[in-house]
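Put chains X, L and P on the given structure of chain A with help from the hints.
There are 4 protein chains.
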Amino acid sequence: MVITMSLSASAREVSEVIARIRSMGYDVHLSDDKGCTVIGAIGNGRPLDSKQFASLPGVQDVTQSKHPYKIASRDYHPDDIIIPLSGTQVGGPNLTLIAGPCSVESREQTIEIAHAVKEAGATALRGGAFKPRSSPYSFQGMGEEGLKHLAAAREATGLPIVTEVMESQLVPLVCQYADVLQIGTRNMQNYALLHAVGESQYPVLLKRGMSSTIEEWLMSAEYILSHGNMRVMLCERGIRTFETYTRNTFDINAIPVLKHISPLPVIADPSHAVGKSEYVESVSLAAIAAGADGLILEVHADPEHAASDGRQSLRPEQFAALVEKLRQLAPVVGKRVAEPVRAQGSGVRG
Amino acid sequence: MVITMSLSASAREVSEVIARIRSMGYDVHLSDDKGCTVIGAIGNGRPLDSKQFASLPGVQDVTQSKHPYKIASRDYHPDDIIIPLSGTQVGGPNLTLIAGPCSVESREQTIEIAHAVKEAGATALRGGAFKPRSSPYSFQGMGEEGLKHLAAAREATGLPIVTEVMESQLVPLVCQYADVLQIGTRNMQNYALLHAVGESQYPVLLKRGMSSTIEEWLMSAEYILSHGNMRVMLCERGIRTFETYTRNTFDINAIPVLKHISPLPVIADPSHAVGKSEYVESVSLAAIAAGADGLILEVHADPEHAASDGRQSLRPEQFAALVEKLRQLAPVVGKRVAEPVRAQGSGVRG
Amino acid sequence: MVITMSLSASAREVSEVIARIRSMGYDVHLSDDKGCTVIGAIGNGRPLDSKQFASLPGVQDVTQSKHPYKIASRDYHPDDIIIPLSGTQVGGPNLTLIAGPCSVESREQTIEIAHAVKEAGATALRGGAFKPRSSPYSFQGMGEEGLKHLAAAREATGLPIVTEVMESQLVPLVCQYADVLQIGTRNMQNYALLHAVGESQYPVLLKRGMSSTIEEWLMSAEYILSHGNMRVMLCERGIRTFETYTRNTFDINAIPVLKHISPLPVIADPSHAVGKSEYVESVSLAAIAAGADGLILEVHADPEHAASDGRQSLRPEQFAALVEKLRQLAPVVGKRVAEPVRAQGSGVRG
Amino acid sequence: MVITMSLSASAREVSEVIARIRSMGYDVHLSDDKGCTVIGAIGNGRPLDSKQFASLPGVQDVTQSKHPYKIASRDYHPDDIIIPLSGTQVGGPNLTLIAGPCSVESREQTIEIAHAVKEAGATALRGGAFKPRSSPYSFQGMGEEGLKHLAAAREATGLPIVTEVMESQLVPLVCQYADVLQIGTRNMQNYALLHAVGESQYPVLLKRGMSSTIEEWLMSAEYILSHGNMRVMLCERGIRTFETYTRNTFDINAIPVLKHISPLPVIADPSHAVGKSEYVESVSLAAIAAGADGLILEVHADPEHAASDGRQSLRPEQFAALVEKLRQLAPVVGKRVAEPVRAQGSGVRG
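Protein chains in written order, with the working numbering: chain A, 1 to 350; chain X, 1 to 350; chain L, 1 to 350; chain P, 1 to 350.
Simulated from the structure, these hints should not be mistaken for laboratory data.
Every value quoted in this text rests on a predicted model; they were computed, and no experiment measured them.
Take every hint as true, because none was put in to throw you off.
For chains that are exact copies, the list does not tell them apart, and a pair is met inside one copy or across any two.
Calculated lysine to any residue pairs in the SDA-like style (CA-CA distance at most 20 Å, straight line): (1) LYS276 <-> HIS67; (2) LYS325 <-> ARG336; (3) LYS276 <-> GLY310; (4) LYS325 <-> LYS335; (5) LYS276 <-> SER73; (6) LYS335 <-> ALA321; (7) LYS276 <-> ARG74; (8) LYS276 <-> GLU215; (9) LYS276 <-> THR213; (10) LYS335 <-> PRO84; (11) LYS276 <-> PRO316; (12) LYS276 <-> ARG315; (13) LYS34 <-> TYR202; (14) LYS276 <-> ILE261; (15) LYS276 <-> HIS260; (16) LYS335 <-> GLU324; (17) LYS34 <-> PRO84; (18) LYS51 <-> ALA19; (19) LYS325 <-> PRO93.
Extracted from the complex, chain A is given alone in its bound form (with noise of 0.2 Å):
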């Protein structure tokens, strides 16, 4: 059971409210929204009777709601979120194009391929430093000397830094050097994570988890958002099925399907979606067609050699070639592409 509690309702009111509910064995999590104080009920998984709350002093709303998501949907927030990111915004009619290399290899590189992708039109550059993988004997990437190249990189062209988080111990340490926290799709559902990435109030872009449903993953958006941070991008990557063709296959469906449920800005990630670099092209303008904010990239400057996904990385001659169509596409569908970041070795922080 939530409930709202209206605008005016007085301090003792919340706290009269939340007494009862725990004299009653529940537990309470608190969270604003626009100003009112939602008070959830957490209890042993039984429903409280919510016409006894309904009635009292300064309680606007009481809902077992139709969603188990509340802040994640647009019946909280009917206007889409547009969140800042230095200079830039997601959301709305903005479109985010977010590209980079799948893993820092070095410095080097890391700047090279960020000026790059930020000449063709990105807003923003992606690189794992930790790297989530299903064996223990693969690179798992450079750590904090990765995370120091993106950081490098983004001195030398003003791009904000996209990058994964994998425990809630690292959320601190990259924190310091990324401007939005990305959690993959193997931790979709680990919890400590959210709840650590919420307390951060960083951007989360939050990755689907390869099978979980539409409702789980705004279920997890929630965890974030409870915290009081609102800047979560949902992130489509593709999803489990019986086709094996491509690597996993892009939930287009869900791309409108969000968009009419939740404000959050939705970023599709075509890369990991297809796994070949042949078909990003075509599944990049499919995704902002059906209504996706912006796009999360591979691109790398010799796929043949990257130390991972190199198979589904474009070049930056296609990247670039891409960014041309998109902005024809974009005002089809009522978009536009977010203009590149002018300011260079500023690293202003969003």
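Just chains X, L and P now, kept in the frame of chain A:
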């Protein structure tokens, strides 16, 4: 094993190859590829040694092909296959827009919706007279009477008719009225039916089985193509996955994959893929952005009272609005919305 | 809407209900349930108001049923349906063991393997004469000649014959030779075929579609049952999932579910479900432990040289060893391995 | 590339191999396999040439292994791994029965159910103190207080405790109370957690990710094993498929596959796999018939009022009835139901 004879191979050379295959206990399957005889050796599942055939007179190519399909592959038809249809063309730079009700309900309804979709830009009329239904107790379609209504609508508007045929015995009947034979998702591997529509030499719209791989789908196309009927359109209509928010998951990846490996036109069916009308426009735009050659859409004047699938049907004005957006989108991917059929009342067949 | 008339309803009462349904623009579907007439109202997909029928004379029950299937449900047949088959019984406490080659290859092979499986404990012989194959270039079965070999094997051993029929037109031909008509996984929703086998009144082994839900499967059974043919066996043969290590994923859950909701016998097909002979025994034991009424297994004297599916075929001695374990397992779940057919050379049909 | 040094390899030979790998720009991962040093070369994803290592002194074997996992494979441990647990054994001929409530709710409930399941034949007690929940508003478990209740139940009954740990930071805390650390399905690829439980050297019950392949699962086991912690039990708990009638689809095929390729014990979790208590017994019997080494089952004295997962919980008497059937079934597959722990109040840890 598949042997392609050279264009200049003599009938005697062909029959000697056939004789040798038969002498080894295999049967043969003959088809034609741009004038070259193609001989498939059909045997007990055991591979034949290809070397002893490669040097026979008249043999151009022997392949234990990397793909199990052959005629459906771009290896054999590098260029797009373009299918003429009542004065329009399917494939190449053309966007084909097939629209109409799920089920034919009456003569008036059919003619009325045909006029409406034609005016909005449709180039063909869809409508079901024989309906595959999970339950024996559900409405199974109007049968031949429904076909007559479709023919009347063609008479009135000039739009060619796309309608489903569910059994091989009914192919001759449906051919009396239809311009394109639709094979439904449940029948993608109904081989008797595939042989029958192959022999008919009518254009075929082959829907993907709801859990068929891309390779299995092309193998089903191969059944039709192997009768020399090259007029096959592949129709992506969503696959079955764990996600239940939408009716199916539209496999957007499949579109660039198919365009890459096969010369056959690809038509998208967003109505069945999402199952809810509010998401049909976005997925339609996405499919075309990804490279599809056209759409098949359910359009109904009164979706709330449709005999079937009303939940996913567009109203005519929604369809018209979508076509407007498609006109803007098409040039971005090198396509054009096909001009509507001008001649009225003539009912010329493609 | 489904109306069940009472046992004592007069013909006139029945026809008045039918007339009223028709007067409202609906068609009717008649079937029989333990002597009661069952009237299905088949209409434009729009629900009928059930109240106005409930009070008509002779009406026992009107249901917008919770299940879309009816005759296939235990609501209507609380007791197990037991199907007589050549002196044995399928269902109830009996374990039915159907064994034989994937494809019939020759008269000798068929008779030899029939003797071998009978000796090991099989109660029926399986073998494919018409083979559904993904590729038009693969061996498609021996056709009628194969059916004759199966009949010869029955003549020699007394084992009844289970063989696939792929098209409605071929039902009369296959009925000349077979004791049980098998519907393959690709044809589970081939409604023309379901009607034809329903009308034949022959026992039917209905394989689950490889991506069909349990409910869709029971609806397909309902197509057959609605012809008054109650001799339907449900065959679980694995579903299609993301896991590629095995050919399919055997849905063990489906077995207790089906036994719970339906009175029809359930036969398991571990050979197709796992696709590798080394795992067949374990999954066979599991299926019986879960409550299945029998097994259908591929057994071949020389799997390496089988015309199809050799990779998943047991050798006769492996099958015999499995039957020994089944004899020990059966009492744990209240079953017994059916006694083999004694009468030889008689070929009595069930 | 994975290099196994011979048993007699000198420390100098080992370090020369390591030095050469590093000199080529790769990192190394060291583990131990029955006394032999195993060196994994971890690099930029590019394969190393194995030939130049095969002839170095002290090298026994160089493999670009056919499996990506190594220690988890029977290639390296042909015999079953048997894990001692509080006087009982997991694996080999033993059937391990882990039973208890989904969530720990109180000290009394925990001790009461522990006595009940022990009496019925359980050899370990399960119970969740930290609960992974899709919703931040759901009951998240009692935390450390719950662990204390579990320890009290062990004190009272002697049953070892199996309980979930959700974050790497909590491993030391949970180790203070638990005998077996459970990794939940959502955390199967939480690599920080896998490393932490590997280092703990505690027995681990590793649940399969709900959409993980068998290979990915074994790779996650490898993360734990590579810390020299061989006490890993694999737990099949159902995979996510299109079927919604049951909560998940129990992958029965996975059991013989795992027993074939890996020496690790396999435990089945039918409760989560089917999600409805009426089907738990059948799937439990099936899992053991297929070769599983044990079961983990949700048992609750009052399922209707359980804090979580009541719908799938057995009552103690249902669990006792199941154990009776298991005693009959076990000999058929060469197993025995492990004798219950006799010593009471001692709380000896495994």
